[in-house]
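With the hints as a guide, bring the two chains together.
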Amino acid sequence: MADMPIKISSPKDFWAGLIYLAIGAAAIWIGSHYRFGVAGRMGPGYFPFVLAGGLVAVGVVSFVRSFVIPGSRIGTIAWKPMLIVLSANLLFGFLLPRAGLVVALVALTLVSAAASREFRFEWRASLGLGVLVLFCALVFVKGLGVPMPIVGSWLEPYVPASWLF
Amino acid sequence: MDILSNLWLGLSVAATPLNLWWCLVGCFLGTAIGVLPGLGPAATIAMLLPATFGLPPVSSLIMLAGIFYGAQYGGSTTAILVNLPGETSSVVTALEGHRMARRGKAGRALAVAAIASFFAGTVCTFLIALFAPPLAEVAIKFGPAEYFSLMVLGLVASIVLAHGSILHAFGMVFLGLLLGLVGTDVNSGTQRFSFGISELADGINFVIVAMGMFGIGEIIANLESGDTRDVMVKKVTGLWPTREDFRRMIAPTLRGTALGSILGILPGGGAALASFGAYALEKKISKYRHEFGTGAVEGVAAPESANNAGAQMSFIPMLTLGIPANPVMALMIGAMVIQGIQPGPSVLTDQPALFWGVIASMWIGNLMLVVLNLPLIGIWVKMISVPYHLLYPMILVFCAIGVYSLSNAAFDVYLMVLFGGLGYVFKKLDCEPAPMLLGFILGPMMEEFLRRALLLSKGDPGVLVTQPISAVLLVLAFCLLLLVLVPSFGRTREQAFEEG
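Chains as they are written, first to last, in the working numbering: chain A, 1 to 165; chain P, 1 to 500.
Keep in mind that the hints are not guaranteed to be accurate.
Claimed, not checked - Below 20 Å or equal to it, Euclidean Cα-Cα: the simulated SDA-like pairs (lysine to any residue) are:
id, chain 1, residue 1, chain 2, residue 2
1, A, Lys142, P, Phe398
2, P, Lys427, A, Leu21
3, A, Lys142, A, Pro97
4, A, Lys80, A, Leu91
5, P, Lys427, A, Arg73
6, P, Lys427, A, Gly37
7, P, Lys458, A, Gly37
Everything labelled a hint here was simulated from the structure, so no lab data went into it.
Chain P with its partners taken away, still in its complex shape (with noise of 0.2 Å):
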């Protein structure tokens, strides 16, 4: 049994006191930012990254991880008791799950989250160590020719699965294809788009793009409407779900990790759709769809077992191909690679402490969780209960000393300024950050790949079509985008993000 051999050397990793320790200290963190309302994971994770960088490769990479499953777990929270979802996948959770707080069910609804994303967090633990290591030796036979195709299958899925208008989701790509590019070229040793700016030299930092855009671009959006939170829930009791509860939730939480972890492999990053797609597959076929709207159980777990696959899920392409899936994924490779990690398929070979060791963490920090959230409610009520004109000069704070101590530089503080106020007026418009920022983490990589590509073919493209690998990449993101372009599904997929 090789995988359990794996496995069992990754639990070895991870389990060390220190590797817990940092594992605990992640999952706390990124619960106590994550519940602050109208923060999502990414925002979470930029703003508590700089925390990880004095921390040996393994740990800080463990950390991040429980930060990740912390600030997943803290929206979910924050949905479920105040109805103010940080991302766009606890949408569906705060549906049900507020309304079965409302009905002085919170306990219940939390702790059903908690139990169906932690059951999702496991089967995808064994999913990942299942394929991850298949799949990597598939990928390290790719050339330049195939990841590039894997690049744009990945840009393409992001358009697909963006919100709004396609139109947009392309604006978007391109714009952060072009500010990856920023800086100084590696082949020639140009300088481009860097205006004599020496502080641009190395390119625009990962962190401040997206620091700026969900933190202080979301923050601004905030300040519009006021506070208008009800923070009903002042004590939440009733932390363990009936017999019922847990026969009902059995179903569906099988259904939603099913799709959760099929959605999530999309190298675009499926884990809001899963969950969206979760919800309305219960809404059709659960016998209690009747109770959907007044606080079902099964609303609250399908939808939140398919946002914990997905999430997870995309750690796959992240581990196996060094593609990020999400900004969240696109987060953990600027970290790796500050910890002089490059991710890609050769990460399993020569580090396989480190991959199995993280692997392992996942599960590790999905059961902290569960054992340590559930009793610390109390905390993260009075977290949440914090009136938000007192929470966002905090969170101001926290974001402008996180860029700061990236590399020391007030340049970077102005930076994350201009990309708060891009943030706030592109969400004015409807244009969708996520896939800028994919695009704006992939647009080196693919120029690389590319440039690589065409220098063995001699200048002729052709070359990303005879390739057989590449070429089915490729015919796969022309179908995707073909689908969209169809009428009925566009109609589906809008409905699928207008649910509810």
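One chain only, chain A, in its complex shape (with noise of 0.2 Å):
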């Protein structure tokens, strides 16, 4: 008996009900050191501690059943589209700042075009590209004012912005 198989009967309930469980599991956790209080006055660590115990219930309940109730697979999980897409936003919120818009919008484009099979390099999409980068800078920051630099602070001493506009 012992050394029974345990088999996952629904992949879906069980990578679901972990999440929950985690997630509830340190929401208690942390929302631990917040001031409980009683029902007639709610501290700030009440209310948190009724929902994430609601999700722990629900992790359990989804765990125990992935164990006993036959259900679909995953599918494959598009690793590279996910990661590449991912980190072209990360990049683009970490270059925004520092090098501008215009690199950050460049990086952002490239890195996430990549996640295609459809990608490969043409003149007429680097066309598109520069007119999409022309049109954020004038539509965003200078026509809705959205307090974005053109060129971030690395770039500015060797292309100062003021010749841009």
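This is how it looks when you write it as structure tokens:
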């Protein structure tokens, strides 16, 4: 009996349950530092505890159920597109204040475009990229007044922003 | 005639050149983004929301309403032309609509969809004008206990209406509620779940969550399969239904509108269910049911009218109670708060011009879509034909800039990345994001109302069931839940979502 292999019948329930459990448990642990109060005077820790408890309960049910009730497979996860798209956005957030909008946009579009199987470098797409960058700079920065640096602090000494507009 | 004078007030607000202009801009932008494959109304509104911040309150809400209708209409256009529905409710439209398009009747399918939507929109504008004021009058008497129970009902409805497993819908609601509590607790000033990050002190902006889950997560999911679109409709001709089409669409449109208006008022958001239901109904009772599956006009008119009616009726809980019925309404509430309006029953009495202006603009927006979008169909077809590998980097650009511009913080972009990854993972695990987003927006409100209710009752939770209205709402929620647990209804629910 002891070495009978335990089989996960429903991977989706299994992983979702684990996520709920992890987040719920973390929320209970972090929330335990907040004042709990009593029902008549709920402290900041009261409601989060109730919710996290509910999440943990759902997580336990989902986790247990995953060994009992068969479910469908998760299917292939597109790791490569996911990592590329997510890191392209991280790069954008990192570069925008430092290198400025132009560089950040070029990085975001080129890196994220690499996630597609159809990606290849062609002059028409590059031209489109140029138009897109110009459009964003004009509409968002000049038109809508979003305070984004067109040229960031890294490049400012080389290309003063005052040259551009 | 009170309602007529109210609507007149609304028209006089909405029909100023300035507001007409913003309504037009909203409709145009909404359709332009909404036709892009894989982008539903919630993602479209989230992307365009920052563009409305600079406008005066009335104009910005009118523009948002325009964006909303445009996005809906754009979604059906894409569903009909390329069989790539951007949201659940246009999945049904794609069933018959795309088959009509395949048989060379794309123009007629689009026109039928537009006219059926317009009809439903017109009826619902009147229904809202009729029912919103009395509801607001009731709602103004609501105490904290009633509000709390109403939100419970809303969350339960969103759980029942979610696709897939009920259990995961529960999990997502709890997760959303918890995420909504991140930031400073209004009562004690305690920083909760902010990990000492100053950007989290004000909580997480709803737009970031919506953009991540619906925008980024969706893009990653689309990249999984590569570009499989068949843009077969290069040129759409015959943009007017035949006399026969008109005759056949009357009854389904009426039935769809009725179904949509009833289901749409549910606080959990019934637009998707309404369009599935309307399609299933026509398939059962239509005289032309043998044509279903080959491109029947009824199969376009019924779900489109139901969908539009449902979507529009979801404004009622938003305008009268300040409670969002779906993620789109949650974004609307977010926009109102940014404009300094606290949504709720008092909006009607304190700002009648705004209230009726928004209602009148719904009708104007629907009219604009019919008048404008059919002639502009050429542009939309061009937008749909842009290959996805060129399209999604552009969508990412607008998401990233939009999120950054919320509070000019790179941190918000990082948060969006986090929610984008989560959104994709949850999609793979069949966990619906809609209940989570609803929980997210309701979380802080529920805590506040519960706290006040329990403070008044000195800690006795019985107050939730001894107050009559609150008790009725909770019983309703309980019945809804029970209904799903009854096996036969559970099966019907599954069928309704899997129809087609």
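Item checked: Pair hint Lys142 (chain A) and Pro97 (chain A), alpha-carbon separation not exceeding 20 Å -> Holds. Lys142 (chain A) to Pro97 (chain A) sits at ~17 Å (cutoff 20 Å).
Check: Keeping to a limit of 20 Å between CA atoms, is the pair of Lys80 (chain A) and Leu91 (chain A) held or broken?
Finding: 16 Å, holds
Next item on the list: Please work out if Lys427 (chain P) and Leu21 (chain A) have their alpha carbons no farther apart than 20 Å.
Entry: Holds, because 18 Å separates the two Cα atoms, which is no more than 20 Å.
Note to self: Check the hint pairing Lys427 (chain P) with Gly37 (chain A) against an upper bound of 20 Å on the C-alpha distance.
What the structure shows: Distance of about 37 Å is beyond 20 Å: violated.
Next item on the list: Take a quick look at whether Lys458 (chain P) and Gly37 (chain A) sit within 20 Å of each other, Cα to Cα.
Entry: 13 Å, holds
Notebook entry, point to check: Taken at face value, is the distance from the CA of Arg73 (chain A) to the CA of Lys427 (chain P) at most 20 Å?
Noted result: 13 Å, holds
Note to self: Check whether the Cα positions of Lys142 (chain A) and Phe398 (chain P) lie no farther apart than 20 Å.
What the structure shows: 16 Å, holds
This entry does not satisfy hint 6, going by the numbered hints stated previously; all others are met.
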